[in-house]
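Novice: Going down the list, the sequences are from chains Z and G. For the first sequence, numbering that gives the first Met the number 0 assigns the number 0 to the initial residue and increments by one for each residue that follows. For the second sequence, numbering that gives the first Met the number 0 assigns the number 0 to the initial residue and increments by one for each residue that follows.
Please note that the accuracy of each hint is not assured.
Since the list gives no way to pick out one identical chain from another, each pair is judged satisfied if it fits inside one copy or across any two copies.
[As the list claims (entries may be wrong)] Below, computed lysine to any residue pairings styled on SDA-like, alpha-carbon distance capped at 25 angstroms:
1. 19 x 148
2. 264 x 8
3. 289 x 213
4. 2 x 248
5. 310 x 280
6. 285 x 141
7. 95 x 208
8. 281 x 171
9. 2 x 254
10. 95 x 129
11. 81 x 97
12. 95 x 50
13. 81 x 170
14. 82 x 39
15. 205 x 258
16. 215 x 304
17. 281 x 196
18. 242 x 15
19. 37 x 143
20. 315 x 184
21. 242 x 281
22. 264 x 114
23. 315 x 206
24. 81 x 39
FYI, nobody ran anything at the bench for these hints, they're computed from the structure. It should be emphasised that the depicted structure is a prediction, and the values quoted were computed from it without experimental measurement.
Protein chains: 2
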Amino acid sequence: MHKEILEDIGEKELINRLEKFMPKNQASDDCALIKTQKDNLLINNDSLIENVHFNDITICARDLGWKAVVSNISDLLSSGSKKNIGITISLILPAKTEWVWVEELYTGINKALKEYGGIILGGDCSVGNEKIISITAIGIQGELELRRSACKPGDLILTTGIHGLSKLGFMLQSKFNFDDITLSQALINKSIEHFCRPKVNPNFLKNLVKTRSNKKITRIGCTDSSDGLFQAIQDLAIASNCKAIIDYTKIPKDKNWPIGDKWDKYYFFGGEDYELVFSLPKNWAKKLSKLDRNIKEIGFFTKGEPSIEFKDNEKKSLLNNAPFKHF
Amino acid sequence: MHKEILEDIGEKELINRLEKFMPKNQASDDCALIKTQKDNLLINNDSLIENVHFNDITICARDLGWKAVVSNISDLLSSGSKKNIGITISLILPAKTEWVWVEELYTGINKALKEYGGIILGGDCSVGNEKIISITAIGIQGELELRRSACKPGDLILTTGIHGLSKLGFMLQSKFNFDDITLSQALINKSIEHFCRPKVNPNFLKNLVKTRSNKKITRIGCTDSSDGLFQAIQDLAIASNCKAIIDYTKIPKDKNWPIGDKWDKYYFFGGEDYELVFSLPKNWAKKLSKLDRNIKEIGFFTKGEPSIEFKDNEKKSLLNNAPFKHF
Chain Z
0 MHKEILEDIG EKELINRLEK FMPKNQASDD CALIKTQKDN LLINNDSLIE NVHFNDITIC
60 ARDLGWKAVV SNISDLLSSG SKKNIGITIS LILPAKTEWV WVEELYTGIN KALKEYGGII
120 LGGDCSVGNE KIISITAIGI QGELELRRSA CKPGDLILTT GIHGLSKLGF MLQSKFNFDD
180 ITLSQALINK SIEHFCRPKV NPNFLKNLVK TRSNKKITRI GCTDSSDGLF QAIQDLAIAS
240 NCKAIIDYTK IPKDKNWPIG DKWDKYYFFG GEDYELVFSL PKNWAKKLSK LDRNIKEIGF
300 FTKGEPSIEF KDNEKKSLLN NAPFKHF
Chain G
0 MHKEILEDIG EKELINRLEK FMPKNQASDD CALIKTQKDN LLINNDSLIE NVHFNDITIC
60 ARDLGWKAVV SNISDLLSSG SKKNIGITIS LILPAKTEWV WVEELYTGIN KALKEYGGII
120 LGGDCSVGNE KIISITAIGI QGELELRRSA CKPGDLILTT GIHGLSKLGF MLQSKFNFDD
180 ITLSQALINK SIEHFCRPKV NPNFLKNLVK TRSNKKITRI GCTDSSDGLF QAIQDLAIAS
240 NCKAIIDYTK IPKDKNWPIG DKWDKYYFFG GEDYELVFSL PKNWAKKLSK LDRNIKEIGF
300 FTKGEPSIEF KDNEKKSLLN NAPFKHF
């Protein structure tokens, strides 16, 4: 079967084809227009790079498109975006890329936009040696400003869900050998799902506003765990200039998650889970976690040098693990 | 001398260093915040890719930073942006990249922002095999909407300046052999300047508004010539569904520009000149080109299949040259 590659199609025809994935009134031009009515906007850019963040073995094009959108929406949510306006897509693709790959990518992109809101506002496409999907997403700032720097000593630290699954999913997709252990099929399926088709919870902000009793609080400490849970907590501690005390026993784990140092390491340093990690005054935290049962308290912030400590001394050695890094 | 490379610095320290190039109140977070007051925004993304758009021989890091900003601002201007709000920067760099290269890049970026307005709103940095600078720029839509699709039969076609210089500059920087001709030193200097440090005219929009007598006209056909003059005219013709007639004798050339088919080809298909190519009703066009002497009439639009024709039959063969393309 002849596979149609981009080299055969040519740049102009490629752009024409890509435009078919855009809403009809969003005509291609030099810029994309965003209509606003006295709103403040949030803007985020995230790039997925072949052989750094993905490869053809670990994830298919459709899932990659979905994931590229979700990773951006996760950042918007973690800043308090109440509505996604849309995205611009900057693609870099080798000339030998098959057209069907691009088509599948855009199908995944539009699937995620349909699920979470927003449209394709525009984009461009260039040739390069490796595939890169760079997405810029625009959202509208809601009434609560979620910021890394807004955690306060005394706040409880919470997370919207379970960590480590995406890392395990990546390892399974990479055919990593788990000879020493038998993983449950449920855990295997769930982990691959988390890695390939991560989800976010767009109701988080609504629930946060709903459970707020003190209207004077307009800024909340928050980030997402795209670079791992440890990195998220560290980012909050540094930006807010306070110390995080983590209660290991409270960390929400999948019921089939194995025990052991290695598995703790995947949990804390794995990355790409796209859960929110945030801090709230105690009363607010209790009300919110009652309303959304997936939200779990995992520790608290206190005065002190920006750092992370485990309440349980035995877990301290975990901190010696280097955080998720690409350089 | 020891050259500090990114691998030595590590991701976190790198991000800290990059933040020092940002305004102090634009703290790093998951998203950048854009404050707007009932304005419509224009958003543009342009990527510069190593070995496609640049390499270490043809352009230094500081000029590359300048050029990356200018190429985005050119797109904003060509849509009628009245003010640049700012940019987000997505960098992809090999781990062996020297820190001084990154520093120089940001120096060039900030130099262009100081010249044309806007701030660094945020960004991210990942490791990759080749350098990629992807910039998303945000501007405010002015009262005149400049769009590719707004040209009308009867409109004159105009350009803000001279083409081909950037292509010649690129060839000179690439040590291309011009054995058959002696180029004037003035042309050499000017061409390298155009390629490495292209400029835009931020007063264009003001002059356009100033010379408008019919306030009912709110949409003007316009694009920039980043992909070459021919491509710009073709984009306008296709988007506006009309035929362009170009008067070769009116094309503004540098006084030292050589004569010959090869040089015509560089002129029409070179690219990266960042001049505006636009169309206006005759009266408006005359008033504007009187106010800004760099603006030159080069032809007109007429009814017909979207296409380009030369008034001078002898120049028809020029159209056989393939447009600037990367795939």
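Novice: Please work out whether the CA atoms of residue 82 and residue 39 approach to 25 angstroms or closer within one copy, between two copies, in both situations, or in neither?
Specialist: So residue 82 and residue 39 pass the 25 angstroms test inside a copy (11 angstroms) and across (17 angstroms) alike.
Novice: For the identical chains here, do residue 19 and residue 148 meet the 25 angstroms Cα criterion within one copy, between copies, both, or neither?
Specialist: Intra 41 angstroms, inter 17 angstroms, cutoff 25 angstroms: inter-copy only.
Novice: First find the shortest C-alpha distance between residue 242 and residue 15 inside one copy, then the shortest across copies, and answer within, between, both or neither for a cut-off of 25 angstroms.
Specialist: For residue 242 and residue 15, the Cα distance is within 25 angstroms only across copies (20 angstroms; inside one copy 52 angstroms).
Novice: Taking 25 angstroms as the upper bound on the Cα-Cα distance, should residue 95 and residue 129 be classified as within, between, both, or neither?
Specialist: both (10 angstroms within a copy, 17 angstroms between copies)
Novice: Pop the pair residue 95 and residue 50 into one bin, within, between, both or neither, using alpha-carbon distances up to 25 angstroms.
Specialist: both (16 angstroms within a copy, 17 angstroms between copies)
Novice: Within a copy, between copies, both or neither: which one fits residue 285 and residue 141 at a CA-CA cutoff of 25 angstroms?
Specialist: Within one copy only: 22 angstroms inside, 48 angstroms across.
Novice: Between copies, within a copy, both or neither: which fits residue 81 and residue 39 at Cα up to 25 angstroms?
Specialist: Answer is both; intra-copy 11 angstroms and inter-copy 19 angstroms each pass.
Novice: Can you give me the call for residue 264 and residue 114, within, between, both or neither, at a CA distance of at most 25 angstroms?
Specialist: Result: close neither inside a copy nor across copies, 32 angstroms intra and 48 angstroms inter.
Novice: Tell me, please, which holds for residue 264 and residue 8 at an alpha-carbon limit of 25 angstroms: within, between, both or neither?
Specialist: between (46 angstroms within a copy, 24 angstroms between copies)
Novice: Indicate which option fits the pair residue 315, residue 184 if close means a Cα-Cα distance not exceeding 25 angstroms: within, between, both or neither.
Specialist: Intra 31 angstroms, inter 68 angstroms, cutoff 25 angstroms: neither.
Novice: At 25 angstroms max between alpha carbons, let me know whether residue 37 reaches residue 143 within a copy, between copies, both or neither.
Specialist: both (16 angstroms within a copy, 20 angstroms between copies)
Novice: Please sort residue 289 with residue 213 into within, between, both or neither, judging by C-alpha distance up to 25 angstroms.
Specialist: For residue 289 and residue 213, only the intra-copy Cα distance (18 angstroms) is at most 25 angstroms; the inter-copy one is 62 angstroms.
Hint violations for this structure: numbers 4, 7, 8, 9, 11, 13, 15, 16, 17, 20, 22 and 23, all remaining hints satisfied.
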